[in-house]
Amino acid sequence: MKLKLMDMVRWLKGFPRKTLEAIKRLPRFIALELAGLGKEFLEMIKNFYRLRTTPGKRISLLLSLIIFLVCIKLYYNTAVERHAENPQDKLVPTGEQLWNGFKKTIFEVRVKEEYDANGEIIINDLPKTFQEARMRDKQAFADGKFRNKREMWKNGATRTYLKQGESLLWQDTRASGKRILIAMVFIFAGIYAGLFMGAFPYAEKVLYRFVLFFDKIPALAVLPILFIIFGLGETAKIALIVIGVAPTVILDTYLKVKEVHDEQLVKGLTLGASQPEIVFRIIFPQIIPKVLDTVRLNFKAVILFLIAGEALAAEAGIGYRIFVVRRYMDMATIFPYVVWISMLAFMVDMAFRAWIKKQYQWLNK
Amino acid sequence: MEGSIDRKYVIELSNSYQEYGGRVILNDISLRIRKGEFVTIVGPTGCGKSTLLRMVLGSEKPSQGIAAMEKNLIKRPDRRRGIVFQKYSLFDFMNVRDNVMFGLELEQFNLADNYLRKIFPFFYRTKVKKFREEADHFLEKVGLLEHAYKYPHQLSGGQRQRVAIAQAMIMRPQILLMDEPLGALDVGTREAMQIFIQELWGQTEQTILFITHDLEEAIFMGTRLIVLSHYYKNGGQDGSKIVQDIKIPWPQPRPTTIKHTREFNDIMEGIRHTGLDPTQLHDINEFNIQHEDALCSVKKFGEY
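From first to last, the protein sequence lines are chains A and B. No gaps in the numbering here: position 47 of the first sequence is 47 in our numbering, and each next residue is one more. No gaps in the numbering here: position 200 of the second sequence is 200 in our numbering, and each next residue is one more.
None of these hints come from the bench; they were simulated from the model. In this text, a Cβ means the ideal position worked out from N, Cα and C, and glycines have one as well. Take these hints with a grain of salt, some might be off.
DSBU-like cross-link-like pairs, simulated, lysine-lysine; straight-line CA separation at most 30 Å [as the list claims (entries may be wrong)]:
no. : chain 1 : residue 1 : chain 2 : residue 2
1   : A       : Lys290    : B       : Lys150
2   : A       : Lys358    : B       : Lys61
3   : A       : Lys4      : B       : Lys150
4   : B       : Lys87     : A       : Lys357
5   : A       : Lys358    : B       : Lys130
6   : A       : Lys2      : B       : Lys87
7   : A       : Lys205    : B       : Lys61
8   : B       : Lys75     : A       : Lys205
9   : B       : Lys75     : A       : Lys357
Cβ-to-Cβ under 7 Å is the rule here; a few derived chain A residues that face chain B [unchecked claim]:
no. : residue
10  : Thr173
11  : Val266
12  : Lys267
13  : Leu269
14  : Gly272
15  : Ala273
16  : Gln275
17  : Pro285
18  : Gln286
Generate the whole structure from the sequences, applying the supplied hints.
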């Protein structure tokens, strides 16, 4: 620990010198990179139709970017065309519109209105929008009311504004996140169900056919039934996610347990393990990383069912918001939400992968 | 048998049959294994060597007859009989030392202890330390102490089998069963492991039941050799019988050079002739059952 700290200090001390050197080396570096790229490009032309080749690092990056860049260019062209016809066009927002949409969804706070005894709105001089708050702060800074930017952030109007309430995005994320978390608890309970099902033949006889049958029911088809039974509250949405995803996880766990070699169980018995010890100390540790991988891959389905459930009836939630603003064709709001939920899913996926890699090192064969 | 009071038999099979769906695999096997013996069983492919081992282990019951250990019926695998398989003996998710001390842990800690010791490691420190010392002792015996923190997939095939042997031996089983443990190894490693197992047997006097399909290995390693075969004039019966039960004359550990002696080759030829050659069918009265512990003396068939 101490050693690491010293290393860090040394690294920080050398930092300015290193940066300077790096800047000096930059032209040469760029030239070399370009030369390398050219070489790899020629190699690509030579080997394009070969089966067993390894593309170079630089050309790989370039090639994987191509389709993204083409899509962005196409989108941009469409946006420009449509805005030439109609400057108010909402369907294909330009960069500026999108940026404003991002700012709106992320920073706009729902200002709470306070009423006096007569039922009239108390007029306060707090800023009503994020834009307004920023303008006020900038003005005050120009007037010299704050010594530095830090003080401006601490005592400025922006912070007071943000503290008034929550932004739309955060509200929806919290509502959706709560649903996902509760559903995940049930899905993880499903792992244990699958474990017992695979390990104990009697439990298998009780559960297997039922789960297999349940797995075949399309969850979206029973959505109306769920809403009728559980009402429009949270229960129906969580139930939808669980019904959609848990059978897959249970069955996968079951298969993984069945894959454990019989030799391992016999070996456990000869080492004096009891029946529960075989289940929890021999079978479970072997299957859990693979099952976590399944859960990770099924997280996409979780989000899918979440959005489907929220689209029908909710008060807040990412899916709900997307389907509400759809009515106004508010693409500038839908885009940030789509990006945000994709990013969330990606982050959860990454967290799962990192956890599996760190926790189960014996898998890295 | 007279004068057999001081003899201690670990495993006793008497008149055991095993059949799957009407097809007889093992036909009237009677076998006694004495404490401290190194028994090798050899036979042609599909003759039921592994079935016999599973019967001794307890993961299969004989469809007729008795399989007993120290006068008690064998019902299921338990900690008095250790096992080394050809593959999958080790637990991939634990490192070598944890694998070796796993048996001790299972014996001393129950499931609640296993979770509690992650939360309160202090209360379990002395015991775990003792386990570690014991595991290290066994790892030193098999010469793998420096690999204690590796995972099984980082070891070579021979090393893995050595760990598996240590893992089974730490429970101090009454009998150690080995089901073709060297089957997946290359020739050089195989020979080294043969000598290693012999030396280990010499040091610990562990009773070993060793199953192999390699005739040379079987003769080279054991003190007693049993040949299981279904190539005999069965007279309407099928399934394997013990066709040869002999004592191997050389003292252990044996130098590998004896594999090239004339006597060795004679034994090998004899076994090939009686047990492994499908064209040579012998009558049950011609079986070479000379070992003093052999029960399946053909002459007495009528008396059972």
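Violations among the numbered hints, reported as their numbers in ascending order: Of the numbered hints given earlier, those the structure breaks are 2, 6, 9, 10 and 16, listed in rising order.
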